[in-house]
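Participant: Work out the full structure, taking the sequences as your base and the hints as a guide.
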Amino acid sequence: MEFTITINNKKIKVSNNEKILDVLRRIGINIPTLCNVPGLSPTGACRLCVVELNDTNELVPSCSTPVRVGMNISTHSNKVINARRVIVNLLLSNHPDNCLYCDKRSYCELHQIAENLNITDRSFPGEPKKSKSDRSSPGILREMSKCILCGRCVRICEEMLGISAIDIVNRGKNIEIETIFKKGLFYSNCIHCGLCIKYCPTGAIIEKSYVQNLIDKLNNSEKEKVIVISNSTIADISNFYGIKKFTDCRNNIVGALKDIGFDKVFTLSPGNEIFIYENAVKILNHIKDKSNNTLIVTDCPAAKKYVKSELSELSPLLTSIPSPQQILAKFFKKSDDSNVFMTVVTPCVANKYEAVQSSNTTKGVPDIDIVISSNELLKLFNTYGIEFPYSRKQIPDNPSNSDTSAGPLFETKGGISETLIRELLYQNQKSYPKKLFEIKNDKNFIEFSFVLNNQQFKIASIHGISSLKEKVEDILSGKYLFVELRLCENACIDGCVQLRDDDPDKFKKIKKLILDYDETNNSDTASKNPFIKAYKNNNLKQK
Amino acid sequence: MTLKDITYNYLFKSTELFEINNFTPDLNIDIPVVFAFRSTCSIIAGIDDTISYIEKYINENSINIKIVETSCPGLCSFDPVIGVKIPGRTLILLKNLYYYEVFSVFDSILNHFLPDTKFLLAQIYDQKYNSWPEFPDFFSLKQVKIQKRNILEPIKTYSPISITDYFAKNGFKGFAKVLTKLTPSEVCSIIENSELKGRGGGGFFTGKKWRKALENNNNPKYFICNADESDPGSVAGRILIETDPFKLIEGMLIGAYAINASKAIIYVRNTYKLAIERLKKAIEQTKSAGLSGDDIFGSGINLSIEIVTGPVAYVCGEETALISSLEGSRGMPKPKPPYPSDKGFLEKPTIVNNVETIFNIPSIILYGAESFKQTGIKESFGTKLFTISGKVDYPGVYEIELGTSIADVLSAVCDDESVNSIKAVHIGGPSGGFIHPDKFYEKLVFNDSKNKSNDIWFGAGSFVVLNKSNCIVDVCKYFLDFDVNESCGKCIPCREGTRVLYDILKRISERPPTNSKHETLQRFKGVTQLEEIAVVMQETSLCGLGQNAPITIITGLKYFRDEFEEHIYEKKCDAGVCRDLKLYNINIDNCVGCGLCVKRCPADAIIGSLHTAHFIVQERCIKCGNCFKACKFNAVNII
Amino acid sequence: MEEFLNKLPTSVSKTELLRILQEFQDKYGYLDNDFIHELSKKIGIQPGKIFGIASFYSQFRFKPSGKYIVNLCSGVACHINSSENLINEFTKLTGLKDGETSTDGKITLELVPCLGGCANSPVVKVNDKYYIKVTKTDLLKIIQELK
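Protein chains in written order, with the working numbering: chain A, 19 to 561; chain B, 173 to 811; chain C, 697 to 843.
Since the hints were derived computationally from the structure, they do not count as laboratory data. Check each hint, because a few of them may be wrong.
Cut-off 27 angstroms, straight-line C-alpha distance, at most; resulting in silico cross-link-like pairs (DSSO-like, lysine-lysine) [unchecked claim]:
hint : chain 1 : residue 1 : chain 2 : residue 2
1    : B       : K320      : B       : K615
2    : B       : K678      : C       : K759
3    : A       : K191      : A       : K306
4    : A       : K37       : A       : K147
5    : A       : K147      : C       : K829
6    : C       : K703      : B       : K795
7    : B       : K743      : C       : K759
8    : C       : K759      : C       : K788
9    : A       : K200      : C       : K793
10   : C       : K802      : B       : K267
11   : C       : K825      : B       : K678
12   : C       : K788      : A       : K191
13   : A       : K216      : A       : K526
14   : B       : K459      : A       : K148
15   : B       : K228      : B       : K185
16   : A       : K453      : A       : K397
17   : A       : K31       : B       : K508
18   : C       : K759      : A       : K326
19   : A       : K97       : B       : K508
20   : B       : K452      : C       : K793
21   : C       : K759      : A       : K200
22   : A       : K37       : B       : K743
23   : B       : K545      : B       : K353
24   : C       : K703      : A       : K150
25   : A       : K487      : A       : K216
26   : C       : K829      : B       : K435
27   : B       : K754      : C       : K821
28   : C       : K710      : B       : K290
To give an idea of the chain B side of the interface with chain A (calculated C-beta under 7 angstroms), a few residues [said to hold, decoys possible]:
hint : residue
29   : C660
30   : G661
31   : C663
32   : P665
33   : E668
34   : G669
35   : R671
36   : V672
37   : D675
38   : V708
39   : E711
40   : T712
Even glycine gets a Cβ: it sits at the ideal position worked out from N, Cα and C.
Facilitator: In structure tokens form, the structure reads like this:
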């Protein structure tokens, strides 16, 4: 049912049950919010979104109040603005003052809201909160003195992931957001996916930064400095700076990193391709053995940890091929006394967690020396004054000089399935269609069938924990040959520590960038890469 | 005869109501009977020791005396209260009968001698029995006269957990009427016509709420009693349940029937051990009597009743928070709409009513809506339980007819000398406010918050009396501290607002760390900030806790602004409560070591030998000011 | 703990959570990490969430309490008739704040808003014993008795 209401003296058409906030956003009125998470039901916790009902002069939260016939609203009356100012001042009264040093300084939502309300001094005096930081996780840092208790992280962890590694603890003045028995993320069932970092409005949850360590090593280490860059990072930077061709940006980055001081620069593609290759072999054997189980193919450390701890019945179905970066780590650090210092640039913090797992260490030392995020790479470039488009272009070092376009495609939504099927078909019949899914898929769950050796197989592409949970029975019943699994809705490109960009079309643009590269490239599957051919022949496998 | 047969005979065989005299026990027994008025407050006062000594007395003297355990009349200053009925004589009530007094008092009474006057509380006159000299008429006591005991008996002379005794007082006849003669809609109409308003603080029309739930066809429905009662200063719910658990059960069965619910749940605060114990026994008997369960007495109605113990959080007194707690979550309030009568427990239509509200139901059903309206005044019918405490001579739980003035209540609970030294009354607990003596003529009535006619918002009935030895700023601080700890923490205005309000009050009531201009300015700004934050909290908080928390400060500023200003500008606390406002120290340049201050110091806080400069030990100093007054050499500084 | 969990049905409804936690604490004194993790499997609520829910309520403890639980009334009547000094006094004498247990494991302080003895305030409760009209000297005696 549609009707009109009055907003700021203008008549606006609304539908029944729409929340006031959604209407306001629709018509371009900006209301400050802190606890609101698009896609999750509103909690009405921060009260910043209040608007005034002119007939009763009541203030109501626009996020959770539905529109009603005859409503007459003022969104920015004196009463409303005053209420918002007092609410923000209350938050600021015990908020730390060290914005200069805070990682979120340019992106803090609280900061922006305070600025928009013209708050220029601490109205209500108070002592900045003193809370312990949680440094237990290798990827996620929690500085709880900056927490404003908006509750977003808790709801993400609970409603999107069903993990509740953190929850609201205690009440009243002792209220805080904490892990069980306050032991820290590392000792909870946290999967270190970093979604909480993405949604936190202040600097309370940020990624653990290693960029300064890296710079120190660059200047002081005698070892050979090797750096591996994920294709998601390259695509992200490419989109951010408006560089039209994927390979141009890639080569720019390589040039820049060489100038900074890295000895060898690679993309993650060789790792991706070995991963694809090994999984293809496994699947072909699986078919030969006439096994009825569904295989779960994933490179996502967070998804793997989730399956192992929360859906342990699915655990035996994981193909357990190491992730691309770990594959490369074993490849570069061939011998015990390796003289290589290896850095990996990733789009997410789960890789930071993965790098310290005991299976990825040798004599207690992680094989990958430092993992930094796309964000941190940008900081590195800023430190060294590198701007894009950069003046120098250089092709990545061997074996990354023969990268196929499957590498980047692998990291997109549906990419594991796309590249894996391509490889299976190539290995079997040497021919395959270029665009399998029409890759317009925006769905977090897609089923797809293909024919291999006159046999039809079904696969599924799953993104996100909620989609996974719905399909557990199907997977256990062996409905699919394999399923691809990633935690982030838009796969690795959507990683939690990719560059901050509010462009709603970001994923479409990045995908187009990668597809354009793939479309015109003949070297588009793992086995076409001479490196992989050599790998196949020499069995250059893990030590 | 089984209990079910007895029940049938009492309730369904005939609809006649018994002629009962609520006040006189019909105990024509030929042995003495001792009534132990036992409830939590009397237990704290020591009644268990008293009872064991009475038992000892009985054994040692080998006499036949019956002891009946019942519940206290709510006159807490007289605890432990013991009633004695000697055959042929009226029932007498003894007050403050501590265990060590038992033997001598009983020796007197059993021989028809008067015990010491300090034990004489009252007697219940009855033509059938010979009265005692000196014991005043119970109903002439001013503490009794001020009350109108409708939902509680003035004095209870039978066990709270005897269902047959409850039948004898026409108990469960209301429920029987409902089951056999009325439809749910008719029951709702009666309650609507009675204009009964919720007694937990909300003050909404009970009948209207029930009607909404009845009209919603989403099943199953739930009828919940809110007995969480964490209001510091209000124990009405506990007294009601300890005294008459069957009445609560009857009210709940009627309410569940009225909205077509099949499950009635009583959410009691976990720490109310005695109340829970008695309630559990009462529920068992109700079940054995066939009054709860499936197909009650062939009516086709299924009603089950159960207790859930709340793990204690004040905010769970808010209905949506209570429902959250029942669902196994944190007790955090949810936005309304949707209202619980629409989507409550497990998203089904739910009614949450306060204990006291439910206690009113059986008599309204039995005697009619018009009968209920004979008490109270327009827009505030009926009575309300007030828990009166603080600087009063007769603290206790009083059932007061709505429309009674505060002044009348005060003259009943205080002796004359105390009345004149009353500084203020704080009504309504953390969600209430102060009333100034100039306004004591005001009547205790419901306050329609939209047309604020007075400042009274009595909430759950906490009624605290303050005199000159209490500091208004300190009392504000106390309630704010409570709010800070009990806020669920969800919304910013309440969580941060209560914290900042408390901080400001703390700053006002303590000596500033330095005397800098900045500090002084901050203190001066204090009052304006209090008002600023109070308004926004009222306008934007998610639930009643945050919305009403500032009322104490607002009324405090309204009536006692000068006291706040004295604290801020003169760093003075007249009541002497905010001792940290001042720091006393000795100027060694001026001190000659005469030792006069040492002699005058009541806390032994000054040290020093003769003719040498003395020194005040801060930890021991109680800031009485004696040394300042005593010193002839201007050596004592107050900063 | 094993037998407690074994007595529970194979799958437990979420609405039973608080009741189960109360029963466990009544028996064993406090909620420990192992119990919460085991209960989590039966009730289908994550351990982090169970911890968050339980910590909201005053009743639940996560550490063993002392031999003597001292309840000081923080209700309004006791405050008006001056018991706030008692709370400060107790902290001065024992060093304990609300919820804390002494290092020798003997005394735990738990503040209760209203014990129910408003006419006899200030009221102090030690385990099951009540003390009424308590003064600072009385408090000192009580603490000495406990040590």
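Participant: If a hint holds in the structure, say so; if it doesn't, say that too.
Facilitator: We went through each hint and held it up to the structure:
The suggested pairing of K320 of chain B with K615 of chain B holds, with an alpha-carbon distance near 15 angstroms, which does not exceed 27 angstroms. Simply put, K678 of chain B and K759 of chain C have alpha-carbon atoms about 31 angstroms apart, too far for the 27 angstroms limit, and the pair is violated. With a C-alpha separation of about 63 angstroms, the suggested pairing of K191 of chain A with K306 of chain A is violated against the 27 angstroms cut-off. A C-alpha spacing of about 34 angstroms is found between K37 of chain A and K147 of chain A, which places the hinted pair above 27 angstroms, so the restraint is violated.
The straight-line distance between the Cα atoms of K147 of chain A and K829 of chain C is roughly 38 angstroms, outside the 27 angstroms bound, and the hint therefore fails. The straight-line distance between the Cα atoms of K703 of chain C and K795 of chain B is roughly 60 angstroms, outside the 27 angstroms bound, and the hint therefore fails. Distance restraint check for K743 of chain B and K759 of chain C: the Cα-Cα separation of roughly 43 angstroms exceeds the 27 angstroms cut-off, and the hinted pair is therefore not satisfied. Distance check on the hinted pair: K759 of chain C and K788 of chain C sit about 23 angstroms apart at the alpha-carbon level, within 27 angstroms; holds.
Of the pairs offered as hints, the one joining K200 of chain A and K793 of chain C holds, with about 20 angstroms between alpha carbons and a cut-off of 27 angstroms not exceeded. Only pairs whose Cα atoms come within 27 angstroms are accepted, and K802 of chain C paired with K267 of chain B is rejected, the gap being roughly 37 angstroms. For a cut-off of 27 angstroms, the pair hint linking K825 of chain C to K678 of chain B is broken: about 34 angstroms separates their Cα positions. Only pairs whose Cα atoms come within 27 angstroms are accepted, and K788 of chain C paired with K191 of chain A is accepted, the gap being roughly 22 angstroms.
With a C-alpha separation of about 19 angstroms, the suggested pairing of K216 of chain A with K526 of chain A holds against the 27 angstroms cut-off. Among the hinted pairs, K459 of chain B with K148 of chain A is inconsistent with the structure: their alpha-carbon atoms are about 55 angstroms apart, more than 27 angstroms. A C-alpha spacing of about 44 angstroms is found between K228 of chain B and K185 of chain B, which places the hinted pair above 27 angstroms, so the restraint is violated. Among the hinted pairs, K453 of chain A with K397 of chain A is inconsistent with the structure: their alpha-carbon atoms are about 36 angstroms apart, more than 27 angstroms.
For the hint pairing K31 of chain A with K508 of chain B, the CA-to-CA distance comes to about 24 angstroms; that is within 27 angstroms, so the pair holds. The straight-line distance between the Cα atoms of K759 of chain C and K326 of chain A is roughly 30 angstroms, outside the 27 angstroms bound, and the hint therefore fails. A distance of roughly 22 angstroms separates the Cα atoms of K97 of chain A and K508 of chain B; the hinted pair therefore holds under the 27 angstroms criterion. Distance restraint check for K452 of chain B and K793 of chain C: the Cα-Cα separation of roughly 35 angstroms exceeds the 27 angstroms cut-off, and the hinted pair is therefore not satisfied.
Proposed proximity of K759 of chain C and K200 of chain A is supported: the alpha carbons are some 13 angstroms apart, at most 27 angstroms. Between K37 of chain A and K743 of chain B the CA atoms are separated by roughly 50 angstroms; this puts the pair beyond 27 angstroms, and the hint is violated. With a CA separation close to 22 angstroms, the supplied pair K545 of chain B and K353 of chain B stays within the 27 angstroms bound. Proposed proximity of K703 of chain C and K150 of chain A is contradicted: the alpha carbons are some 39 angstroms apart, above 27 angstroms.
For a cut-off of 27 angstroms, the pair hint linking K487 of chain A to K216 of chain A stands: about 22 angstroms separates their Cα positions. With a C-alpha separation of about 43 angstroms, the suggested pair K829 of chain C and K435 of chain B falls outside the 27 angstroms cut-off, and the hint is violated. For a cut-off of 27 angstroms, the pair hint linking K754 of chain B to K821 of chain C is broken: about 33 angstroms separates their Cα positions. For the proposed pair K710 of chain C and K290 of chain B, the alpha carbon gap of about 56 angstroms is over 27 angstroms, so the pair is violated.
For the restraint placing C660 of chain B at the interface with chain A, the shortest Cβ-Cβ distance is roughly 5 angstroms, inside the 7 angstroms limit, so the hint holds. Evaluation of the G661 of chain B hint against chain A yields a held restraint, the C-beta minimum of about 4 angstroms falling below 7 angstroms. A distance limit of 7 angstroms between C-beta atoms decides the matter here; for C663 of chain B the minimum to chain A is near 5 angstroms, and the interface restraint holds. The interface hint given for P665 of chain B holds, since its Cβ lies 6 angstroms from the closest Cβ of chain A, which is under the 7 angstroms cut-off.
The interface hint given for E668 of chain B is met, as the beta carbon of that residue sits about 4 angstroms from the closest beta carbon of chain A, less than 7 angstroms. Evaluation of the G669 of chain B hint against chain A yields a held restraint, the C-beta minimum of about 6 angstroms falling below 7 angstroms. Below 7 angstroms, beta-carbon pairs count as interface contacts, and R671 of chain B has one with chain A at about 6 angstroms; its hint therefore holds. Hint status for V672 of chain B relative to chain A: holds, with the closest Cβ pair at about 5 angstroms, below 7 angstroms.
Because the beta carbon of D675 of chain B sits about 6 angstroms from the nearest beta carbon in chain A, less than 7 angstroms, this interface hint is met. Given hint, V708 of chain B at the interface with chain A, holds; its Cβ is 4 angstroms from that chain's nearest Cβ, closer than 7 angstroms. Contact between E711 of chain B and chain A, as hinted, is supported at the beta carbon level, the nearest pair being about 5 angstroms apart and thus within 7 angstroms. Of the supplied interface hints, the one on T712 of chain B holds, with its beta-carbon coming within about 5 angstroms of a beta-carbon of chain A, less than 7 angstroms.
When each numbered hint is compared with the structure, violations occur for hints 2, 3, 4, 5, 6, 7, 10, 11, 14, 15, 16, 18, 20, 22, 24, 26, 27, 28.
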